[in-house]
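Number of protein chains: 2
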Amino acid sequence: MTKFMDVHHNMVGITEEDLRAAHMADLAIQAEESVHFEQAWADPEAGVVYCLSEAPSKEAVQRIHERAGHLADEIHPLPLIV
Amino acid sequence: MTKFMDVHHNMVGITEEDLRAAHMADLAIQAEESVHFEQAWADPEAGVVYCLSEAPSKEAVQRIHERAGHLADEIHPLPLIV
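Residue numbers (our numbering), protein chains in the order written: chain A, 1 to 82; chain B, 1 to 82.
Pulled out of the complex, with its shape left as it was, chain A reads as follows:
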């Protein structure tokens, strides 16, 4: 299992409710791909959302996001953590 940071752009004006609903949609199905979404953060002014997860692959993360209706624009494996 590897940590991943995925990034969603073009999210200007996202609200706490939007972020929570999107995160809950991921959590509801994440086990089907052995993904665990740990945290999500948003900067509504710049329109960027970051999601931290632990998953078997980048593709597994994207499959969950795709099925939940919000494809990630970038997904980065994070082999280095301090």
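Rather than coming from a laboratory, the hints here were simulated on the basis of the structure. All values reported here derive from a predicted model rather than from experimental measurement. Heads up, a few of these hints could be off.
[Stated by the list, open to error] 20 Å max Cα-Cα, derived DMTMM-like pairs, lysine to aspartate or glutamate: (1) 3(A) to 17(B); (2) 3(A) to 18(B); (3) 3(A) to 38(B); (4) 58(B) to 38(B); (5) 58(A) to 45(B).
The hints should help you fit chain B onto chain A, whose structure is shown.
Just chain B now, kept in the frame of chain A:
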């Protein structure tokens, strides 16, 4: 205090030692700006580093990174967290 995610680009090939040294340089002086760096993650292949902090302002985060020798390319306040 607000959470911030800052991003450093052009870090292709960064090693665990590099990341640790940079993080330690931040930690050594962070209290002077009331910043607390919580975690840093790197994707050495894409050359991107993410740092999560709690700080009084974006400028305080950047002042620490600047004095430690590694200006951030982006600094995002994170008012929304789930």
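Okay, the hints, checked on the actual structure:
1. 3(A) to 17(B): holds (19 Å)
2. 3(A) to 18(B): Satisfied, since the Cα-Cα distance of roughly 19 Å is no more than 20 Å.
3. 3(A) to 38(B): holds (16 Å)
4. 58(B) to 38(B): holds (15 Å)
5. 58(A) to 45(B): It holds: about 14 Å lies between the C-alpha atoms, which stays within 20 Å.
The earlier numbered hints are all upheld by this structure, with none contradicted.
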